[in-house]
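J.: Sequence order for the protein chains is W and X. As numbered in the numbering used here, residues 1 to 733 make up the first sequence, in order. As numbered in the numbering used here, residues 1 to 219 make up the second sequence, in order.
For the record, the hints were derived by calculation from the structure and aren't laboratory data. Quantities reported herein were computed from a predicted structural model and do not represent experimental measurements. We treat Cβ as the ideally placed atom computed from N, Cα and C, and that holds for glycine. Hints may be right or wrong, so weigh each one.
Stated by the list, open to error - These stretches of chain W come out as covered by chain X in the derived footprint (C-beta under 8 Å, 3 or more residues):
hint, region
1, 189–195
2, 371–378
As the list claims (entries may be wrong) - Taking lysine-lysine and the DSBU-like style, the derived pairs with C-alpha atoms no more than 30 Å apart in a straight line are:
hint, chain 1, residue 1, chain 2, residue 2
3, X, Lys-128, W, Lys-34
4, W, Lys-495, X, Lys-128
5, W, Lys-574, W, Lys-495
6, W, Lys-2, W, Lys-491
7, X, Lys-178, W, Lys-34
8, W, Lys-204, W, Lys-495
9, W, Lys-16, W, Lys-574
10, X, Lys-128, W, Lys-20
11, X, Lys-128, W, Lys-16
12, X, Lys-128, W, Lys-491
Unchecked claim - Cβ pair distances, simulated, as ranges:
hint, chain 1, residue 1, chain 2, residue 2, range
13, W, Lys-72, X, His-77, 23 to 31 Å
14, W, Asn-47, X, Pro-131, 35 to 43 Å
15, X, Lys-178, W, Ala-43, 44 to 52 Å
16, W, Asp-500, X, Val-166, 46 to 54 Å
17, W, Asp-138, X, Gln-100, 50 to 58 Å
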Amino acid sequence: MKFDTPAGTNPIDQGKVIGKPTHRIEGPLKTTGKATYAAEWHADVPNAAHGNIVGAAIAKGRIKSMDLSAAKAAAGVITIVTADSAGALDKAGRNTAKLLGGPEIQHYHQAVALVVAQTFEQAVAASHLVRIDYDRADDGKFVLADARDAAKPVQGRAADQLLGDFEGAFAAAPVKVDATYTTADHAHAMMEPYATIASWEGDKLTLRTSNQMIDWCRMDVARTLKIPKANVRVLSPYVGGGFGGKLWLRTDAVLAALGARQAGRPVKVVMQRELMFNNSVHRHATIQKLRIGAGKDGRITALDHEGWSGNLPGGGSENAVNASRSMYAGANRMMRNRLALLDLPEGNAMRAPGEAVGSIALEVAMDELAEKLGMDPVAFRVLNDSQVDPAHPEKSFSLRKMIECLQVGAKAFGWNKRSAKPGTRRDGQWLIGMGVAAALRDSPAMTSGARVRLSADGRVTVETDMTDIGTGSYTIIAQTAAEMLGVGLDKVSVKLGDSDFPVSSGSGGQWGANSSTSGVYAACVKLREAVAAKLGIDPATATFAGGKVSGGGKNATLTQAAADGEVLGEDTIKFGGIRDQTHQSAFGAHFVEVGVDSFTGEIRLRRMLAVCSAGRILNPTSARSQVIGAMTMGAGAVLSEELVVDPRFGHFVNHDLAQYEVLVHADVPHQEVIFLPDLDPASSPMKAHGVGELGICGVGGAVANAVYNATGVRLREFPMTVDKVLAGLPELA
Amino acid sequence: MAGTDFLEMSRRGLMTSGAVASAVAVVPLATPTPAQAATDRLTPSTMPVSFTVNGKPERLVVDTRTTLLDALRENLHLTGTKKGCDHGQCGACTVIVDGQRINSCLSLAVMHEGGSVTTIEGLGTPDKLHPMQAAFVRHDGFQCGYCTPGQICSAVAMLGELKAGVPSHVTTDLASPKHSEAELRERMSGNICRCAAYPNIIAAIEDVAGIGQKSGNKA
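Next up, chain X with everything else stripped away, as it sits in the complex:
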């Protein structure tokens, strides 16, 4: 069956991509051997991958080293998802994949065969903002705007995690996590904002979650 073949190829591709990824990680630390150099001179390994982005089916042939972040930005030109560090340290690249927020820079595009990706562009448009986007504007939950798509995607998925009862480091009742500023701050701490709009972001999230407005700008 074609579908099975494709899955087989997908598994092989994953293994290949893993090997290449680790080679890339090792090379800077060690003097490249002639064999490694030769490997890199080969035509890059590419693979087809299909997933939906913001509800639209996409089929790409990508370098197996291409991260989901670069596939979105460079292949699909969806530049709303930001590259801040490329190492999973800042959260600017946060997108929602199959309902979960992930750092798209830490995930290879080919790993998402059949997946469903939601980016900032899929949440709303300037004329029709998602409630979280509107709340960020209302509470001035950003300044330079570069971390903002990641903060918003993270916030949307995070409220889902809280609703599903997923505990965090600061949860006191593990059986039943409750909304609190401390919970929201803890759960959003993977998204750095150097402009430090933090209290305004928390106010925006509380606004969307319908849980009071203790801090932030209510202008």
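Chain W with its partners taken away, still in its complex shape:
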């Protein structure tokens, strides 16, 4: 199915199942420990050996020599994979650094060996017997601030955008802000480590893994191992969190495949938590400079967002300035994205890459400018809304309700109780403040396929290689099929994450929900046609409801259509036309109340509210969970999350879950989400957008603005740890 004109009325609009708050259909499996994650296929792979990864102990340089003799002689050791034993490997374009290093080392904890043994304990013990002598390079660059001056412009989608005469307009602006902000390197820190069980049958490889993008994984492991894609099967029905970190083929999968080949039996690799932070990918740290000028009437006339990030040679940037491209009006603009070379581990996509941290800087700068103008921050944003992308005024947003999000949120949150003067509200020892931010995140759609089977017992089974990374895919896909075929949710089974199924959009870039359900919609249209044809009913007028099919005076049951054998519908949705002619983004507004301890500078979140406009909300239950989860991750980015670079050794020194501090239960207060009742016919037959990344955009800025409102301390270096807050608080008598 080609989606290129706005969707008309279709069976999804019935809203009998779609759009209703629905518990996750896989919930009983997940809550009883019966969902099978990557390392848990005992019944299918009963004889897997255990592989333990050895990570490089230098950030840059070469391996001079490796002595594997003690490790090889250790109890239970079957084989050891190294670059030498693996032979020549290719590298997929989606990976920056090699997934198996040696002799050249490109980053700290780059995998250099896999020790395969009969048991986990034996593999771990033997790993410690691997002796490696390194030749450490002394020219490693690890500090973004130092590498900034040598940074280069980025080409392609993230290239510079210059509109009008920024310098002239900024010089002439009567009210302006000129400030620099920094955000830290962030870790995905998903709960399930990277893990894979690899098994070979002849030249056929099966990976039971944890991956967001089944087809990319299949393609890239084939490329890396130089084997045909057709010889690879990838299974990933449950993914214990990804947040972008599992978009790619990673070390665990490649080493498990190599280990299994060398061992002559299946090998299980679970990456040690302490390796994950330096071995894999992370969100790049940024330096961002914002210059915004406005007239005395509060209208923005000049907007410059310049951002710097660093990566390994060949790696991409953290395109933070993207947050400012189409958020606010202003005729004179500069958007410049600069990339420096660093020898840190690979920077790559993490939940709302670019916007998540770009919006922190932008929304704090907006708060600063509103204060200078003497304007309310909500009113200032409303005034500067732009219904078009300023660089492409011919292209309107298909759905843009940023103003409504701000206004609905302000009312629901009690924004009128905010004191415009910072540091003036107290609750005992706590200084209380409120902050606001707007949110924008593009809603791309990706080609997505599915197969739907109707069996003689009336059961509907959906098969697609789509993944559920906690996003609720199982449930929204079941809802889509139930709505399309007029059956109850209890009649639908959903099978995901298997490369034997039609290729889907996968999970990333908040495209998954809209794209994958559209693919299921397309397959269901095919199935409806097949069912109607079997029953002798005109497919164009057939209605599917209550397990029955009717049309043209005929009535039949769905099961009748499958009486003499399963009926099948398969299709792939592709997007173009209207989707290219309009700008598709989800919008929101965040409101946050914090308390700051006047003695210690400790920041406590007290209340959070997000208002979202994202087209049809397919399942308000899981959509809400996506948004509150993103709000928490976004708050963590400005409160505590920071991969600390040790510039002597070129690694993230706090590489575990005790020292990389994600928010915990005690940090997270009352959270609310309001979804505006929207439909976007230009988006897809589902008329939906994404919400999983929208929720993280802007929220960090709202937290920072609330801290300023509480204390009068304006912090621009994130995260806002106690030392920074305390330095700005007044002396206590």
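Fit chain X to the given chain W structure using the hints.
T.: Just chain X now, with coordinates in the frame of chain W:
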């Protein structure tokens, strides 16, 4: 007596396992001496251990270095208990041993001779959910599901601690801790949820404890 012999062996085993565990912890930091390397080349020290898991008696012969977590996952194939960090930092491996919640990754299997272990599989099944499991589904107290068994085991045992009057860091009346959102959040903070279903988890626990539903999804 056979039982006494077994206990004797158990004590020796514990000491041995402790020594091995500390050796494993030290080796990565120091260059292994030939003597240490030789120790590791020996056949691993194994020991029998008997405990009940979810009411079922189990007798295993395990490597003395095997954690309770790995014994459950790799030896007994009870993979409901999750390995998130293997260092007691995330809580995904929480199980209930002799009535108390513990991080099973920080506990050696051989330490639990005669013990009674309850894992997520012992609380309920997909067809017959434990009230806490049902409440997690009802309140959407999870997303990816990987921390979930640990959260649920932790929550079940935590309510028991509160009932027994065990105070926490945020308890104001140490003699008589009361249910409150702050108490629940504090007591659950050893269980990280990166998807951050936190308010929904607290709502599920409050639901089970019968103490109001101020937050979370009531769908």
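J.: Does each hint fit the structure? Answer for all of them.
T.: How the hints compare with the structure:
| no. | hint | in the structure |
| --- | --- | --- |
| 1 | 189–195 | holds (count 5) |
| 2 | 371–378 | violated (count 0) |
| 3 | X/Lys-128 - W/Lys-34 | 13 Å, holds |
| 4 | W/Lys-495 - X/Lys-128 | 23 Å, holds |
| 5 | W/Lys-574 - W/Lys-495 | 21 Å, holds |
| 6 | W/Lys-2 - W/Lys-491 | 28 Å, holds |
| 7 | X/Lys-178 - W/Lys-34 | 34 Å, violated |
| 8 | W/Lys-204 - W/Lys-495 | 22 Å, holds |
| 9 | W/Lys-16 - W/Lys-574 | 26 Å, holds |
| 10 | X/Lys-128 - W/Lys-20 | 25 Å, holds |
| 11 | X/Lys-128 - W/Lys-16 | 28 Å, holds |
| 12 | X/Lys-128 - W/Lys-491 | 20 Å, holds |
| 13 | W/Lys-72 - X/His-77: 23 to 31 Å | 29 Å, holds |
| 14 | W/Asn-47 - X/Pro-131: 35 to 43 Å | 38 Å, holds |
| 15 | X/Lys-178 - W/Ala-43: 44 to 52 Å | 46 Å, holds |
| 16 | W/Asp-500 - X/Val-166: 46 to 54 Å | 51 Å, holds |
| 17 | W/Asp-138 - X/Gln-100: 50 to 58 Å | 52 Å, holds |
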